[in-house]
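First to last, the sequence lines map onto chains D and G. Residues in the first sequence are numbered consecutively from 8, following this note's numbering. Residues in the second sequence are numbered consecutively from -11, following this note's numbering.
Every clue listed holds true.
In silico DSSO-like cross-links for lysine-lysine, where the CA-CA straight-line distance does not exceed 27 Å:
1) G:347 / G:22
2) D:275 / D:221
3) D:371 / D:204
4) D:62 / G:129
5) D:105 / G:77
6) D:275 / D:219
Here's a subset of chain G near chain D, in silico, CB distances under 7 Å, partners left out:
7) 84
8) 87
9) 132
10) 133
11) 134
12) 154
13) 176
Computed, partial: chain D to chain G, Cβ under 8 Å:
14) 115
15) 126
16) 132
17) 133
Think of the hints as simulated: they come from the structure by calculation, not from any bench. Where is the CB? At the ideal position from N, CA and C, for every residue including glycine.
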Amino acid sequence: MNLLKSDLRHSPEFLVDALGLDSLRSLAIIGMGKNAGKTTVLNHLLNAIRQMKSKRVVAVTSIGLDGEDEDIVTGGVKPRIYLTEGALLATSCGSLNKCDAVIEILALTGIHTATGEIAIGRMRTNGYVELAGPSIARDVATCERYCREMEENCLFIVDGALSRKSSAGGGLTESAILVAGAVNAPSLEALAAETAKQVLFLTLPSVGEQEKDKFRESMEEYPTHRAIFLSVADDERQALSAERVSSPSERTARSRSLPLGSVIGEGKTIALELRRDDTALLLRGAITDNVLEYLLSDSDFADMTLVAEDGTRFFLSDKALRQLRQRSVDLAVLSELSLPLICVNPMRRDGSTVKRVDILEAIKSVVDIPVCELGPALV
Amino acid sequence: MLIISRHDEERLGLPQVLDACRCYSPQGRRLKAKRTFYAPSDRASLTKEFDAIKSLIAFLNEHPTDVRRAAVTLGRFRDLLGTLSGLEKRRPLEVTELFEVKQALQLFRELSAMEPLLRAASVDVTAMPEAEVLLDPGDRKTIGFYLYDEYSPRLAELRQQRSSIERQMELCESSQRESLLAERASLVAEEEREEAVVRTRLTGALAIYLEALKENFSAVGVLDFRLARAVLADQWGAGKPSLLGDGDHATLENMSHPVIEEDLRKRDAIFVRQSVSLPPGTTVLSGPNMGGKSVALKSMTLALVLIQLGFYPSATVSATPLYDFISYSSDHLDTTKRGLSTFGNEIVRIRDDAARARKGRGLVVMDEPCRGTNPEEATALVGALARFYGKQRGSFVISTHYRVPDGDGIAHVRIRGIQSEALDAMSSDGVPESDRDAIRRIEALMDYRIERVEGGAPVPTDAIRIAELLGLDEDILAFIDDVNGKSGAAKEEERTSQK
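Please put together the full structure from these sequences, using the hints given.
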């Protein structure tokens, strides 16, 4: 891609092409942490969509609160989200009062958040908005359904964050942009290493179709169960002992599950349920070092696949990744995500910036995905 | 008034039945949760409820599609208590609240067009076109709502000015941007002030319709709850209850317990429906172990409770006088309550029921009272209770293993149970494969019908036979024979003859 030369700013057409915005149905903007620069990227995206020849209606929401004037954690001034007439948004009633556009209320979703019920609205004028969407993935999917009832072919954009509490977008959206800010790590080297790890997680392959079907069956039957184990069926075990079957997907899998309220804090319970013939373990929640510590303490946790609902659910250290490799435990996801672009933001917490070229080069040196720095968005 | 503890309500199956009665709107759900108890003085209102439910049952069988459509409309209603309260206090409504009112007005219009259904339900839901115009000044006929330009020329003007500045911002040099942003911010502030004026004016205009809105919401609740009860009655094949006068017998024919019936259906078993008649005074229900006395009491009590809560009971025919109160207690009393023992609690309950029964006409149901007390004293207590209630205006129903002598106002009924020939035949069929198999075989032999008996009828004595069939240790059975004074030879002879 010629446009990816590090000394060039990128045109709106670049974003349209790189992300396939003509036909993409849904996109998540995933920040590496607080103040990564997601809102700036969102504003660039919205600007690029406005300039597209084929007009597309965008529908925007966030995981939790975003787009507020001030960062309520650090007190710093934050960029605002600017939406134009016709766009849809899913935000809380409390945040609607902080939007300065005329917004037509189309539906009230019954999803309640700390700042009120989530409403679906349509921009009747241009204006600045505050997004305070649902905090859990399932509710984001509900918001998308509402938006598609209004505009079937809208481009649904989720402004998300990597957080243990909520899923940023994987499984919910077709595609994602990862935003890495200089603010998210103490040095460019550390930022590069962390970005490389996130890219690894976000681009993990999905489990085989047979396992996926088995997991989905189990999830449908026991929607509240957070740990689902797949093992080789009894009638297959004998055959396996005589002749090793090369691919897990060729085996007949049996599933069992644990009725846990959450994955966090239940590592021990999950480890106790592990069996030697388990081939895959799906954990429906954040997979952290703490959970892994218990699993690794069990010798049965080896030669298998550890599965998350999507790549945003892994929060593992380098050490944990090494230990998994030693045990021949592969990582996989239920919903694969396309990650066509990484955006970087050179701004540090104190308002100073690192060199644009330096941050671009640092990230490019560790990933095979296009990297760009879009600059400030004038809205 | 219902005098039933939360635990006993669970055992009775009342919460499960209320859950199965599916209302679609928050208004209907609130009405259901209110649990209106129709006392004797509310006979006219209850009759009206039952008439409407009867018409609705016929309607839903003739027009199922219309009912489904109504359910969808009802399901779109929201709880607007806060908004209506705001309207009452003339608090300027938020845009989202105005949207809610607009949506409700559209739904009222939809429902008002369903005339045959409303007629069947004896409910009036009226369209409010004037109020609709207020919230759709441009006659857009859209589902959404915002503060339209039509509400205020000044608002329209401010929005145009802002739009013009935003267009300039898109094309301007960055040096001009700050001043344009400031100008825009000033317009936005003025726009917000004008919007507040519009909201206040609109709230005032809508307040005129407050009473009509309340009446419509109330009607929606009534329609929803009546429809839900009609659907339930139709599922149960329930007949319309007849309301009788004081002193009449309550009658339930082919009654079932819907929750237990459903559980049995899931395991391919059949609930044997029962019929019972309860005269004023005391009715003593006896029957063998595993004979379903508790289930019969639950079915009967649940049916009579449901009638007084405005539901059709799960019985093909039902007729009852209305009671001032219904009290039900099973043997599992909450021993932690007030720090009293099980017996203490039970006596307090008996004392309070007796006091209520002296003042009003109640239905008092007790499942095996005094079962934890020594049999001699318990027999005396239960007998005394039977005689006390035999003289009261209400009805007292107990299931018990204790012998209750005949007396004024005391009727005896019993579950027919298993004929001893059938038990003998089962013994000769060999040992059941499992406990479940044994229980099923015993259940299959049980005749669950309730029959009237004279007070002198013997107390059922199938317990030891059933224990034997369930494989109780032979030594224990032999000791039972010893205790009962039966000789070993006689017993052996009895067993041989059975084989």
